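**Q** Going line by line, the protein sequences match chains A and B. Residue numbering for the first sequence is 1 to 129, as defined by this note's numbering. Residue numbering for the second sequence is 1 to 183, as defined by this note's numbering.
Wrong hints could be hidden among the right ones.
[Stated by the list, open to error] Okay, derived cross-link-like pairs now, EDC-like style, lysine to aspartate or glutamate, Cα gap no bigger than 16 Å in a straight line:
1. B:Lys161 - A:Glu17
2. B:Lys161 - A:Asp31
3. B:Lys161 - A:Glu40
4. A:Lys47 - B:Glu154
5. B:Lys181 - A:Asp31
6. B:Lys161 - A:Asp93
7. A:Lys7 - B:Glu170
8. B:Lys29 - A:Asp93
9. B:Lys103 - B:Glu170
10. A:Lys97 - A:Asp31
11. A:Lys39 - B:Glu154
12. A:Lys30 - B:Glu154
[As the list claims (entries may be wrong)] Not the full set, but computed from the structure, chain B residues with beta-carbon under 7 Å of chain A:
13. Leu99
14. Ala165
15. Ala172
16. Gly175
Please keep in mind that the hints were generated in silico from the structure rather than gathered at the bench. Remember, it's a predicted structure, so these values are computed and weren't measured experimentally. Even for Gly, the Cβ is constructed at its ideal location relative to N, Cα and C.
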Amino acid sequence: MSSKKIKAQMRVFQELENQLLIQADKLGVKDDYNPIKIKEMEYDALKNHLLSFYSERSNIEYEMQVLGTDKKEVLIKLEKLEIYIKRAERLLDMYKKYFGKVFKTQNEEKEKIEKFLTKSRISVSVGEN
Amino acid sequence: MAYEAPTIAANLSQDKMFSAQKAAYQKLKEEVPKEKQNEGTQQMSSLVWETVEGKDGSKTYKVGMQDTVYLAAASSALAEDEVESLSKNNNLRFRDKTLQVLKNKMVKLAMDTFSHNFFVAELSKMGVGVITFQMGLLGISPAEIEKLMSKAREEKNIAVKNGLAQVASEKALFGIVTGAKIV
Numbered sequence: 001m002s003s004k005k006i007k008a009q010m011r012v013f014q015e016l017e018n019q020l021l022i023q024a025d026k027l028g029v030k031d032d033y034n035p036i037k038i039k040e041m042e043y044d045a046l047k048n049h050l051l052s053f054y055s056e057r058s059n060i061e062y063e064m065q066v067l068g069t070d071k072k073e074v075l076i077k078l079e080k081l082e083i084y085i086k087r088a089e090r091l092l093d094m095y096k097k098y099f100g101k102v103f104k105t106q107n108e109e110k111e112k113i114e115k116f117l118t119k120s121r122i123s124v125s126v127g128e129n
Numbered sequence: 001m002a003y004e005a006p007t008i009a010a011n012l013s014q015d016k017m018f019s020a021q022k023a024a025y026q027k028l029k030e031e032v033p034k035e036k037q038n039e040g041t042q043q044m045s046s047l048v049w050e051t052v053e054g055k056d057g058s059k060t061y062k063v064g065m066q067d068t069v070y071l072a073a074a075s076s077a078l079a080e081d082e083v084e085s086l087s088k089n090n091n092l093r094f095r096d097k098t099l100q101v102l103k104n105k106m107v108k109l110a111m112d113t114f115s116h117n118f119f120v121a122e123l124s125k126m127g128v129g130v131i132t133f134q135m136g137l138l139g140i141s142p143a144e145i146e147k148l149m150s151k152a153r154e155e156k157n158i159a160v161k162n163g164l165a166q167v168a169s170e171k172a173l174f175g176i177v178t179g180a181k182i183v
């Protein structure tokens, strides 16, 4: 697929997401769907797809080994499945990196705030006079 | 643009609707005894509720005072598929059927009031107002209407959640199939 088509499709996904987020906003639950939460949903969906690919692969392998099927169609299917699994695993790694990066920046910001709060602590001494 | 969820208490136009409906109902109550006096001379018409393809036979109901309201409500709120689905349920009588249709329609319209499309949302709000009025005339309490509104809200919430999950799933699948970087 050309990069133009991919971009167009991504825009469609973005538009659908935006529309649903507007609806969530009207319902007053937009905070439940922040960008990280949406990425988490994508990550979960990706994992589910990967699991179904794994099970499909094991089914095909079982069919080939036990039933002795070695048809060209099955081999092509298995090959395609391998490609999809590799891509899914690569995407999963990318998501993990993304989450790592997000959590790292969040921790850094948290540390900065804590540092600022400890620095700007005001001490008051109360004398007898 | 900021929106307010259509609640019965907060919406001024709906408040007006309620007061108008209350007044109309009161008037109707007062007029009933007079009508009863004239009953001997008044020509009563009848209403026929046909079931699907007439297999179960058509049912005839005498049109009473309040039935005109039911009729008006039904004719404005019924969609063909809804009539069919309800007609198959022979246990329901005409009034129950109308109420059921109105309730279903109300939930659907109330769900649409949260639509991202401005026109759909505004038209749905108008529709909710009209149906609220009709339901009020048919004696449904505001508490029950409010219950329907909260039911619609819950259903919409679930629909949004499922929609986002569906988009996420399709996006992930698209990334797998095309190898596009979706992160």
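**Q** Is Lys39 of chain A within 16 Å of Glu154 of chain B, Cα to Cα?
**A** violated (24 Å)
**Q** Would the hint linking Lys161 of chain B and Glu40 of chain A be met if the CA-CA limit is 16 Å?
**A** Holds: Lys161 of chain B and Glu40 of chain A sit about 13 Å apart, inside 16 Å.
**Q** Per the CB criterion, is Gly175 of chain B less than 7 Å away from chain A?
**A** holds (5 Å)
**Q** Does Leu99 of chain B meet its interface restraint, that is, does its C-beta lie within less than 7 Å of any C-beta in chain A?
**A** This hint is violated: Leu99 of chain B lies away from chain A, its Cβ roughly 27 Å from the closest one there, beyond 7 Å.
**Q** Take the C-alpha atoms of Lys161 of chain B and Asp93 of chain A, compute the straight-line distance between them, and say whether it is at most 16 Å.
**A** Violated, because 25 Å separates the two Cα atoms, which is more than 16 Å.
**Q** Quick one, is the Ala165 of chain B hint okay against chain A at 7 Å, beta carbons?
**A** holds (6 Å)
**Q** Against chain A, is Ala172 of chain B within 7 Å by beta-carbon distance?
**A** This hint holds: Ala172 of chain B lies near chain A, its Cβ roughly 4 Å from the closest one there, short of 7 Å.
**Q** Keeping to a limit of 16 Å between CA atoms, is the pair of Lys7 of chain A and Glu170 of chain B held or broken?
**A** Answer holds: Lys7 of chain A to Glu170 of chain B is near 15 Å, not above 16 Å.
**Q** Taken at face value, is the distance from the CA of Glu170 of chain B to the CA of Lys103 of chain B at most 16 Å?
**A** violated (34 Å)
**Q** So if I understand the rule, the pair passes when the alpha-carbon distance is 16 Å or less; does Lys181 of chain B with Asp31 of chain A pass?
**A** Not satisfied, since the Cα-Cα distance of roughly 26 Å exceeds 16 Å.
**Q** Hint check: Lys29 of chain B vs Asp93 of chain A, CA-CA at most 16 Å. Holds or violated?
**A** With a Cα-Cα distance of about 72 Å, the restraint between Lys29 of chain B and Asp93 of chain A is violated, given a limit of 16 Å.
**Q** Take a quick look at whether Lys97 of chain A and Asp31 of chain A sit within 16 Å of each other, Cα to Cα.
**A** violated (24 Å)
Checked against the numbered hints listed earlier, the structure breaks hints 4, 5, 6, 8, 9, 10, 11, 13; every other hint is satisfied.
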